[in-house]
Each structure stands twice: as structure tokens, then as C-alpha cells.
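2 protein chains.
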Amino acid sequence: MKPYSRVLLVTGSGSVKKFGIYDEVVKELEGIEIFELSGVKPNPTLDSVYQGIEICRKNNVEFILALGGGSVIDAAKAIAAGVVYQGDVWELFLDNSKFTGALNTGCILTIAATGSESNKNSIITNELTKEKLGLRRDELKPQFAILDPKYTYTLPEKQTAAGIADTMAHAFEQYFSPTKDSYLTDRMAESVMKTCIKFGPVLLNEPENYEARAEIMWASNIALNGILSCGKDTDWASHMIAHELSANYDLTHGIALAILFPNWMEQVFDETRKWKFEEYTVNVWGLSASEAKTSIIKTREFFNSLNLPDTLTKVSIDGQYFEQFAENVVRRGRTGSFKNLTKKDIISIYRRSL
Amino acid sequence: MKPYSRVLLVTGSGSVKKFGIYDEVVKELEGIEIFELSGVKPNPTLDSVYQGIEICRKNNVEFILALGGGSVIDAAKAIAAGVVYQGDVWELFLDNSKFTGALNTGCILTIAATGSESNKNSIITNELTKEKLGLRRDELKPQFAILDPKYTYTLPEKQTAAGIADTMAHAFEQYFSPTKDSYLTDRMAESVMKTCIKFGPVLLNEPENYEARAEIMWASNIALNGILSCGKDTDWASHMIAHELSANYDLTHGIALAILFPNWMEQVFDETRKWKFEEYTVNVWGLSASEAKTSIIKTREFFNSLNLPDTLTKVSIDGQYFEQFAENVVRRGRTGSFKNLTKKDIISIYRRSL
Chain A
64 MKPYSRVLLV
74 TGSGSVKKFG
84 IYDEVVKELE
94 GIEIFELSGV
104 KPNPTLDSVY
114 QGIEICRKNN
124 VEFILALGGG
134 SVIDAAKAIA
144 AGVVYQGDVW
154 ELFLDNSKFT
164 GALNTGCILT
174 IAATGSESNK
184 NSIITNELTK
194 EKLGLRRDEL
204 KPQFAILDPK
214 YTYTLPEKQT
224 AAGIADTMAH
234 AFEQYFSPTK
244 DSYLTDRMAE
254 SVMKTCIKFG
264 PVLLNEPENY
274 EARAEIMWAS
284 NIALNGILSC
294 GKDTDWASHM
304 IAHELSANYD
314 LTHGIALAIL
324 FPNWMEQVFD
334 ETRKWKFEEY
344 TVNVWGLSAS
354 EAKTSIIKTR
364 EFFNSLNLPD
374 TLTKVSIDGQ
384 YFEQFAENVV
394 RRGRTGSFKN
404 LTKKDIISIY
414 RRSL
Chain B
64 MKPYSRVLLV
74 TGSGSVKKFG
84 IYDEVVKELE
94 GIEIFELSGV
104 KPNPTLDSVY
114 QGIEICRKNN
124 VEFILALGGG
134 SVIDAAKAIA
144 AGVVYQGDVW
154 ELFLDNSKFT
164 GALNTGCILT
174 IAATGSESNK
184 NSIITNELTK
194 EKLGLRRDEL
204 KPQFAILDPK
214 YTYTLPEKQT
224 AAGIADTMAH
234 AFEQYFSPTK
244 DSYLTDRMAE
254 SVMKTCIKFG
264 PVLLNEPENY
274 EARAEIMWAS
284 NIALNGILSC
294 GKDTDWASHM
304 IAHELSANYD
314 LTHGIALAIL
324 FPNWMEQVFD
334 ETRKWKFEEY
344 TVNVWGLSAS
354 EAKTSIIKTR
364 EFFNSLNLPD
374 TLTKVSIDGQ
384 YFEQFAENVV
394 RRGRTGSFKN
404 LTKKDIISIY
414 RRSL
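Line by line, the protein sequences are chains A and B. Just so we're aligned: 130 in this note's numbering is position 67 of the first sequence, and the numbers increase by one with no gaps anywhere. Just so we're aligned: 131 in this note's numbering is position 68 of the second sequence, and the numbers increase by one with no gaps anywhere.
Quick caveat, the hints were computed from the structure, so don't treat them as lab data. Any given hint could turn out to be false.
The list treats identical chains as one, so a pair stands whether inside a single copy or across any two.
As the list claims (entries may be wrong) - In the SDA-like style, the derived pairs of lysine to any residue whose C-alpha atoms are separated by at most 20 Å in a straight line are:
hint : residue 1 : residue 2
1    : 257       : 345
2    : 261       : 293
3    : 243       : 401
4    : 295       : 401
Please put together the full structure from these sequences, using the hints given.
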């Protein structure tokens, strides 16, 4: 990699400054001219992206360094693509094929959750249109990612738990698939799940447990760095259903998933799909295949063990827009491969989650 | 990646030509000037590397494409480094720190075994000095690797089996380690082992079984692309002990490992290291922890299930040079981390393997 002399540093809420991580990073960047975009919010918004693009263009920034979690990294990627694109960056999210290139990015991770540090995805919320859309391009994969478990010690319990729920959901969404010949990939997905189940609850009592932080950080990376989808159809229906909630309410993405996922499982479980639940039951929960339905209860218990709210009601969301949300989801095309969800299915999942 | 116009194509024994893979690749490269180094042997030798460097220098080659297995890829990497280095390329193997850069490389894999397509290692044999040494640099990691299971359909049974043994050994060498806090990494290593055990023997009867070829190819990649060593001390003693045999006899690397590994296990098994064998026994073989010693017998049975020779005697190697080989191994420094092997241990492993 050629040495860069002008770098945009992207950060979030300011906790990296509070806990000294920011100072450490800035010290490492000595000799490089740093420009800054701070205050990127969870479920990062188009506003921040526009701001970042403007800073980059005005200052001929050559490289973007994200210091934070998935939201900060996703914003950095969107900025990287937006700087190069001649039109409005949101057009890229509406039509990924318009992508024309991107600046290089790097990450220093402070929240274990999205795996964005090692993948090609950027998910941005347009607050004006209430849309939450993705831009997915190989060129958006960061050039490097630094994962130091100690940088996650100071993460509040809620964010730690939401990150673990997000990781678990990623593993599920690639695991519960119609593909039957993905033995190694599925055993690795189960390894990620078992890691979340074993080390997730530990962190609620011991936020500075290095081993648990390291395992969860590694799991969040493996869960969405591409490995768990090798050779598989994947099923991102739950993410699509959850995104509608995050785009319309102030709801942390991982919490939305923790609430919705067991209800997605209830909705899709039937005789034709039982085989995959049986695998999950035996290999992840150590139960016998005949207890396949019990694995859904175990899944609920797992999310509960992270002290996460387990109903939409508890996060003050009622059913008034479910019809509209479901309509938004199906409008974007096929919803799910393990089961292709109908609008009725989606409404039912939302209702089960109340 | 900038488009390259002058490419060195490195191949092995000629089987890629026999089975049409070569023609497919050459067709894809239309418009690019191709130079060729063919005939790279298993346990690739310094001779081939010198030849490749000469072709590259004479023709201003910009990129090296390996079409073959680990030996071809390792030769391609060594050539890539040698073209840039001003001195004799062997100096880089004697002292990795002399590395000065490398041409970019790409791989089209035709043998599932070494993981070289996704890692930074090149292992070359100097026939003159009877040394087999490695050059390990991040810059040697190929820019891309194409893994098409169909390209391994025509691989002879012996090579298929030796590749699976090599993959299993890689998983073992990262798994059997003094590191106790590597939960996720170890579960993934076990996933690779279970994949070899389940699909390896299938290929002996059904060489064109796509699923089995795909699983074995994916396993060989995961086994040595760096993931299974994350957060771990690793123990490459068996590879070092095996390399002495391959450097001095015409012995396929994977076969050497299949013969040696169960005997390495016997040698290192004791009360202080039993805990790791217990994990292996329970998670890979589904036995109870109390049967830890049985896992070594199961390991022997696994290698036997691949129709591989199980003693050095069967491959016409007797004990006359064991003392010298052991001396060569320990001379290079610390041998192993799970157990730091003495010269006496190494001789004992060789003798157990007779």
C-alpha cells in the first residue's frame, strides 16, 4: 500500500475520545494530515455521509480510517464510494450497479457486531425517505482491520449485548438455508453460535474479561466476513424485517433482531424445514433431534440471557404500521430463501413479536 | 488491480494439459502475452525457481499465475520474490528478513492440500544442500485464488489422499497447542477435521463426487489460510520432522505426515497434555473424555481409511539417518510448542513410525 498523507478519521458518539482510544490512534498517525468526521450515529444516516464526502473533496483526502463499530465503518465505506461517484451518493444505494469506485478504507474496531470491518457491505439510513438500504461492492472491503478486544472493554452492556445478538443473527441467516450440502460451512456457523452462547452472558458480569471479549470479537468477524456463506443460499429476511423497525424507530439493530429472530423461527418451522432445526438442535444445543422445536425456546432463552428486551411492546413499538412495513419489505423483491416470506408471513412475525 | 499484459504461467506435471484445464485457462487469458514454466515437481525444487526467475527477467513478466497444487503455487511465490531480489533467491529462504518485495501472483487450484493459495508461505527444496525451507511474507499472499472442485476430479487417488492427510495435519498442528483460550478457533479446527473424516474416504470410491470434492477443497483452504491459528501458539514440529524425509527421499509430503502424526501423538501424550486430547476425543470423535488415548487409534484408522501407507518401512525408509534428521530439525531452533521436542523425542517419533 502506498503511504497516504491525507486521511479522514471517522468516529461515532465520542466514547473513543472519552476512553483514550482516539488519542492512541492519533498518536500512531503522526506525520499524516488528519481530517475528521465525528458524531456518526447508530444506524448511520445519509447526512453524515454527505458531510464526510464534502470534507474529503474539499481536502483531497486519500484514505478513510474508521474508528468505531459497524455504523462508523458503514459510513466510512459510503463516504469512500460517494467521493468517487459524480452524482448523489444515495443513487448508489438505490442501484448498486451505478458504483464507480471508492477510496481505500481501514478500520479500528471498537464494537464487535456487524463484521463490517471485513466485508463489502455498507448500510445507510435515509431519514428523509425512511429507507435503510445497502451498497455491496468488493471494492468497499477495508484494506485492513485492527481488532483489539481491549478496545471493547468500555462498551455499555446494552451495546455489548446488541452486538452479540447481531452476530448470532448473522450466523442464523446463513445457516438456515435451503442448501443441504454445506457441511464445513455449517459446522463453522455452529461454532460461532456456540461461542456467542458460551461467552455472551459472561460479558454482562465481566465486561473486562479479555478471553470473552476476544471470542465475541472473533465470532462477530467470522459471522460476516463471507466464510459462513461459502457455497450457500442465504436468507436475510430477518434483517430486512428488522431494518424497517430501525429505519422508523430509534431501535438498536441488534435488539430488533433479538426480538424478531425467535418469532421468525416459529413462523418458518414446519415439516419441510424441520431438518435444519434438527441439525441446529443437536449440534448447537446438544439436544436430540426429536426436540427440534425446543431449540426455538433455547434461542429465546439465549437472547434473554443477554438481558435484551424480548418483545416489541417493551421497546414501545405497537402494531399500527406493521402492514406498511411488511409491504415495504416485499416490495424490494424476494424475502428469504429458507422460506420465501409472504406479506402475511411478515405481518405474522411482527405480531408474534409484540 | 491494473491489467497485466505479460504473465508467467506456472504448471506442474502436465496433468492440467491432459485434462483440458490448461486449455480453458489459456483461452481466458486471450490478449495477454503468456510465458510458461512447466514441470514443477512435488516438493518444488530451487532449479524450477531459478528457471522461472530467468524467464520473468528476460521477458519483463508482470504477474505470475500458478495453475496447479501447492507445489506449483509455492514455486510461483518463490519466483515472484526472486525476480525482485537482487541476490540469489535461496538467501531469502535462509533469512526471510532479506525479502525485498515480490511480483503479484494468482492461483487456479487443482489439488486440495496445502492452503498455499490463500497464505503467505512458500516451501522450496534445495536438492544440492538437501534443505527444505520456507519463505513467509504477507506480500506473497496471492491476489486471488480460484477453487473449482471439478478441477480436482481427475486427481489420482494417492494424491487426493495425501492432500487430505496434509489438510488434517495442518488442522492438528494449530489445534494441539498450549493455548487454552481459543474456543472459536478450535471449534473451527474441529470442523475441518470432521470434514476430512466424513468426506475424505468418500473420494476414494467416488472421485467425481462434487460435494465431497468441494468440502475437501474448502477444508484444505480453511486449514491453512490463517484462521485456525488466530489467537494461538501453533506447533509445526510434525511438518519439520516430515520435511526432513521429503527432502531426502522421494516421499509425498502428505504421506509423510500421515505416517508420522499418530506417532507424534503417542510421543507427546502425557498427563500434562491429556486435556487437549480429551477435547479432540469428545468433539471430533464423539467419544467420552476418558477415552482420550483411543483418539490416537482413531487417528490411525482415519489415515488408513485413505489407503495411505502407515509405516516408513512400507515406503522403503529405514532408520539409518534418523539421528542426522533429528539433528537437522533441532538445529533450526525450538521444535514445537505443545511439546518442545528434544532430539531424543524426534528420533523416537521416527522409530515409532518404522
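Hint check:
no., hint, verdict
1, 257 with 345, "both (12 Å within a copy, 15 Å between copies)"
2, 261 with 293, "between (25 Å within a copy, 19 Å between copies)"
3, 243 with 401, "within (11 Å within a copy, 37 Å between copies)"
4, 295 with 401, "within (11 Å within a copy, 36 Å between copies)"
Figure legend: structure checked against the earlier numbered hints; every hint is met.
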